[in-house]
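Respectively, the protein sequence lines represent chains A and B. As numbered in my numbering, the first sequence has no gaps in its residue numbers, which increase by one up to the final residue, 992. As numbered in my numbering, the second sequence has no gaps in its residue numbers, which increase by one up to the final residue, 992.
These are computed hints drawn from the structure, not numbers from a lab. The structure displayed is predicted, hence computed values, not measured ones. Keep in mind that a hint or two might mislead.
[Said to hold, decoys possible] Among the chain A residues that face chain B by a calculated CB cut under 10 Å, a handful are: (1) Arg717; (2) Thr719; (3) Leu750; (4) Phe939.
Every residue gets a Cβ at the ideal spot worked out from N, C-alpha and C, and that includes glycine.
One letter stands for each residue in the lines below.
There are 2 protein chains.
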Amino acid sequence: MSTQDAVAGAPTLEMVAARAGVSRATVSRVVNGSPRVSPEVVSAVQSAIEALEYVPNRAARSLVSRRTQAVALVMPESTAKVFADPFFASIVQGVALCLAGTEYTMTLLIESEVQSAKTRRFLLSGNVDGALVVSHHVGDHSYLGLTGGLPVVMGGRPLVPVQGVRHVVDVDNVAASEMAVDHLVDRGRRRLATIAGPQDMPPGLDRLDGWRRAVARHGLPDDLVELGDFTPGSGAGAMARLLQREPRLDGVFAANDQMAIGAYSALAAAGLRVPEDVAVVGFDDDRFAATAHPALTTVHQPLVEMGTTMAQVLLRLLAGEDVEERTVLGTELVVRRSTAG
Amino acid sequence: MSTQDAVAGAPTLEMVAARAGVSRATVSRVVNGSPRVSPEVVSAVQSAIEALEYVPNRAARSLVSRRTQAVALVMPESTAKVFADPFFASIVQGVALCLAGTEYTMTLLIESEVQSAKTRRFLLSGNVDGALVVSHHVGDHSYLGLTGGLPVVMGGRPLVPVQGVRHVVDVDNVAASEMAVDHLVDRGRRRLATIAGPQDMPPGLDRLDGWRRAVARHGLPDDLVELGDFTPGSGAGAMARLLQREPRLDGVFAANDQMAIGAYSALAAAGLRVPEDVAVVGFDDDRFAATAHPALTTVHQPLVEMGTTMAQVLLRLLAGEDVEERTVLGTELVVRRSTAG
DNA sequence: ATGAAAGCGCTAACAG
DNA sequence: CTGTTAGCGCTTTCAT
Numbered sequence: 652m653s654t655q656d657a658v659a660g661a662p663t664l665e666m667v668a669a670r671a672g673v674s675r676a677t678v679s680r681v682v683n684g685s686p687r688v689s690p691e692v693v694s695a696v697q698s699a700i701e702a703l704e705y706v707p708n709r710a711a712r713s714l715v716s717r718r719t720q721a722v723a724l725v726m727p728e729s730t731a732k733v734f735a736d737p738f739f740a741s742i743v744q745g746v747a748l749c750l751a752g753t754e755y756t757m758t759l760l761i762e763s764e765v766q767s768a769k770t771r772r773f774l775l776s777g778n779v780d781g782a783l784v785v786s787h788h789v790g791d792h793s794y795l796g797l798t799g800g801l802p803v804v805m806g807g808r809p810l811v812p813v814q815g816v817r818h819v820v821d822v823d824n825v826a827a828s829e830m831a832v833d834h835l836v837d838r839g840r841r842r843l844a845t846i847a848g849p850q851d852m853p854p855g856l857d858r859l860d861g862w863r864r865a866v867a868r869h870g871l872p873d874d875l876v877e878l879g880d881f882t883p884g885s886g887a888g889a890m891a892r893l894l895q896r897e898p899r900l901d902g903v904f905a906a907n908d909q910m911a912i913g914a915y916s917a918l919a920a921a922g923l924r925v926p927e928d929v930a931v932v933g934f935d936d937d938r939f940a941a942t943a944h945p946a947l948t949t950v951h952q953p954l955v956e957m958g959t960t961m962a963q964v965l966l967r968l969l970a971g972e973d974v975e976e977r978t979v980l981g982t983e984l985v986v987r988r989s990t991a992g
Numbered sequence: 652m653s654t655q656d657a658v659a660g661a662p663t664l665e666m667v668a669a670r671a672g673v674s675r676a677t678v679s680r681v682v683n684g685s686p687r688v689s690p691e692v693v694s695a696v697q698s699a700i701e702a703l704e705y706v707p708n709r710a711a712r713s714l715v716s717r718r719t720q721a722v723a724l725v726m727p728e729s730t731a732k733v734f735a736d737p738f739f740a741s742i743v744q745g746v747a748l749c750l751a752g753t754e755y756t757m758t759l760l761i762e763s764e765v766q767s768a769k770t771r772r773f774l775l776s777g778n779v780d781g782a783l784v785v786s787h788h789v790g791d792h793s794y795l796g797l798t799g800g801l802p803v804v805m806g807g808r809p810l811v812p813v814q815g816v817r818h819v820v821d822v823d824n825v826a827a828s829e830m831a832v833d834h835l836v837d838r839g840r841r842r843l844a845t846i847a848g849p850q851d852m853p854p855g856l857d858r859l860d861g862w863r864r865a866v867a868r869h870g871l872p873d874d875l876v877e878l879g880d881f882t883p884g885s886g887a888g889a890m891a892r893l894l895q896r897e898p899r900l901d902g903v904f905a906a907n908d909q910m911a912i913g914a915y916s917a918l919a920a921a922g923l924r925v926p927e928d929v930a931v932v933g934f935d936d937d938r939f940a941a942t943a944h945p946a947l948t949t950v951h952q953p954l955v956e957m958g959t960t961m962a963q964v965l966l967r968l969l970a971g972e973d974v975e976e977r978t979v980l981g982t983e984l985v986v987r988r989s990t991a992g
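From just these sequences and the hints, can you work out the full model?
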């Protein structure tokens, strides 16, 4: 009853072996590039493989080898607009870029908070060799603690350490913010304010921290702080409150570009000009920064590189290498009109 | 030598069986929700599963069941900027949205032309139950013909039919373009031109076709056609040539927004005002359309819905249902200032 | 309703 | 260098 070939399903290793007149083990060796096979046999097997268009069955292979050649990229979904945010798009791109050169593939898990159980099950059932988790927004990553030894690399430090996760690739939000403030001071600004982000998110916290450190270093007052929630509207509101508290402020650091753009409108409403009266610096270098009026000086983050780096760290982990637990990527200040003069 | 539990690896079905005092077959039945199990046994097994935090091994399962509960989303990479294009981001989002409600996961394949062999091998080695292929840009999809019976759904009709692929989800570019032209005529424009896209890409072809049909239907001349390549620069060039041929044209349909924006600058250079002298309609409703000056009237495509629909079609195919081969999604004309008056 | 047994397609010792 | 022999963890007849 041996259904040899033809019939239907994909050709199996056994069929290749039969055709090449060798054992399955030998075919397996050839497929996996073992050096312990004679040249003639190798070519015989290879032609059988080509003739049959044989492709190894991954399930069978990973069942025994315990490796899947796949990594998961877990992203928080919140509001389904994951991809509207260039942050995620760039990370995905970076990861894809790195993986393209390898035999690994990427499984995208859009994590809808609600069903982190599904994510956890997926991670646990041997679907992937490791996971990349983006921790940009608030969110509970505690389930990761239960993924039993699965190598995980986080992008962006989580608010609270995640049990079992040691490797993090991050941008130095503190240093970047200090750099932004230094720039304002360089431009002669002395009465500085900041529109900070939510204090329950690492970027919100760290960017405020950076602002505080820098103003302190320059011997300037650090009282002008108002919080926003990273939306333009909240930026406008925060700016209005700041102006009410200190009409003579001359420099503002917003924790992201969206809020900086919001600040623009509040400043305009108050009859103040950017940058003549008030210089503004943002953070993210998002797609509106360059086209805003005036163009916004902002901190550019290497997001694609962050994705690439996360993937690299994971791959090295999977290869059994020892990898530094914290990788910090540098940022760059993009100077535009909003801080001119 | 039975390493019962503890040790290391994930708990197996066998361990659950031992703990619940039943056979592996029974545990399997419970896990797969078979009705032929007595209630007491079901709960005994379930508590064993919970106690052990058992999760079925997917490789083993799919080795025997021949199903992976995963679908691939294949996107052309060209220039690594896949995600800079909102087209792709939206498709991914739509697919994710649909899959979120199922047990399926998505494997993202960024296809770098060069290595379509890698993609093909992946598709062939039983990694996924089906594939979604985005055919937005030019590109060779012939390898899909070799994926032996793997269910495939294309997003956007391919330039030439792909062997073995019958299911396509598409936007009606022809009808949408006709709608855009009708709008220009409604606005009293009679000397119409079009900046067409590359004629080796379906959207380029179909949008020009739509323009031709509409002007013919209105009894207007169809001679004012210039080609661009979907970039702003090419749009400006095409517009300049059109003006040279017919300085008195009063309406232009550009095959995408980028070229429409390019046309703006050529019109301005010629001292013509939009919409007073020339009305302009674009296609895509990309992120610059609404903020252009003047805001651009354009055709909005339901991209997220397209992703969702592609996924739905594939899932129905996987479920063994009979699905219509061509699904056409409607478009919507977004009227803005560029065609006012 | 449940168990026993037979593999799914592959890799990995272990012999030769 | 190559073949033999065991399984990897699960589903699925076929009995019972």
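Now the hints, each set against the structure:
For A:Arg717, the suggested interface contact is upheld, since its CB lies about 8 Å from the closest CB of chain B, less than 10 Å. Because the closest C-beta pair between A:Thr719 and chain B is about 7 Å apart, less than 10 Å, the hint holds. With a least beta-carbon distance of about 8 Å to chain B, the hint placing A:Leu750 at the interface is held under the 10 Å criterion. A hinted interface residue such as A:Phe939 counts as satisfied when its beta carbon comes closer than 10 Å to some beta carbon of chain B; here the least separation is about 9 Å, so the hint holds.
The structure shown violates none of the earlier numbered hints.
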